[in-house]
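Asker: Per the working numbering, the very first residue in the sequence shown carries number 1; after that it's consecutive.
In short, the hints are calculated from the structure, not lab data.
Just so you know, even glycine gets a beta-carbon here, dropped at the ideal spot from N, CA and C.
A portion of the hints provided could be inaccurate.
Stated by the list, open to error - Taking lysine to aspartate or glutamate and the DMTMM-like style, the derived pairs with C-alpha atoms no more than 20 angstroms apart in a straight line are: (1) Lys114 <-> Asp86; (2) Lys313 <-> Glu351; (3) Lys114 <-> Glu4; (4) Lys37 <-> Asp112; (5) Lys37 <-> Asp60.
What the hints assert, rightly or not - Cβ-Cβ distance ranges computed for the label pairs, FRET-style: (6) Asp174 <-> Glu386: 16 to 26 angstroms; (7) Ala62 <-> Asn27: 21 to 31 angstroms; (8) Gln24 <-> Pro180: 53 to 63 angstroms; (9) Glu210 <-> Pro180: 44 to 54 angstroms; (10) Ser40 <-> Arg349: 21 to 31 angstroms.
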Amino acid sequence: MAGERYVLLGLAPARSSWFRVVAQWANSGTIPAEFVKCVSVEELRARLGSGRPFSAALVDAALTGLDRDLVDTARRAGCAVMAVADQRAQSNHSQADWDQLGVAEVLPEYFDPKALLAALGAHSATISRGDTLPGDGVPEPALARQGLVALVCGPGGTGASTAAIALTQGLAADPRHGTPILLADLALRAEQAMLHDARDIVPGVQELVEAHRTRRPPPEDVRAVAFQVDERGYDLLLGLRQARAWSSIRTRAFEAAFASLRSAYSVVVTDADADLEGEGDGGSFEVEERHVMARTAASQADVVFAVGMAGMKGLHSLVRVLNDLRAFGVAPERVVPVVNRAPRNPRSRSEITAALAALTASATTPPGTRGSAPSPVFLPERRVDEALRLGSRLPDALAQPLAGAFAAVVRRVPTVAAAGPARVEPGSLGFLGGGEHEEAALG
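Build the full structure now, drawing on both the sequences and the hints.
Answerer: Structure (structure tokens):
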């Protein structure tokens, strides 16, 4: 159609030859394109978020900013990403690496207008008067296996991290769950390194996420990031070395890293925070990025253990965590309340169960119906400090109830489907409007 052309974004280091040549082709009319130069990754992101449609983004492969998050930002804007790679970059990355990153096409450093137009024709769309959106880039292939996920969280000071160790130990001892089993420390103030007396604090989750910025490592490389806890039969992924390091955890890179963990392990037990606040709650996108690890684990968890304490304050905090999980979207049937250091008296335990049922009834059951809150798991008080210092196994009285509750929920509730696009049957979404005024306006 007359007036249509490609609208291209470009990002390259200073004095890049292909960057200058493409601009000359666009200005002289050699290619039907408008070439918009960007001087930084931040400018490229800003233009992608401006609402203006773009056909493709040509990004030099030598830039460190070419990662999963940038490709995902472009994909959501309907803009395909094409990497321009010299011989060194092509030798360091295989075609599978580029495909997993989501790059639509890889162009050599020296290409002609014919090669560029062929790539644009295969992956992009021309734009006319801003009413035609370009197509998406190449989607990342799905992983072959997705292991089960357990989330252990609590309001703080309730022994949630110790409960996560006990759960992982119990799952590792049960042959039904297969091997290997992973305990991943995803808390902002990570403490599993201290609880396991880890002498080395690297590698950890920061290195794992960094490795997933531009590619997806094989499962053996993913497992190499974790430490083996032979006495208890599981692997341990260390968490953030400092709480302020959350800013280095990019959203899409962490999601890719978490998917790799699920592919490399049969069960992934996550020790994470109970704070799941996102942009929709407080209007701050930075808050959502701060909690990306806990939110990702909660959204994909097959079983969620909310750990609290007995007593008025303990039950109040536990109910708050249960309500936050429900508000986030976790199905109530997947949530298992855990009362740590519970009293041994059966009457006291039944009172705790009744109090939890009464306090969570309005949050877990629809109005006008009667339902029961999930029965809590009571963990007795045990001296675990010595076992933690020696690196020995925790008492079975802590591990077996948690592992049994996990198996019961997995057996009763279908597993969580992996996040991704879903097919929509034509006509199943209805239509916009539909009121009397809209029908009258349409005649």
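Asker: Just pull the numbers of the violated hints for me, sorted ascending.
Answerer: 9 and 10
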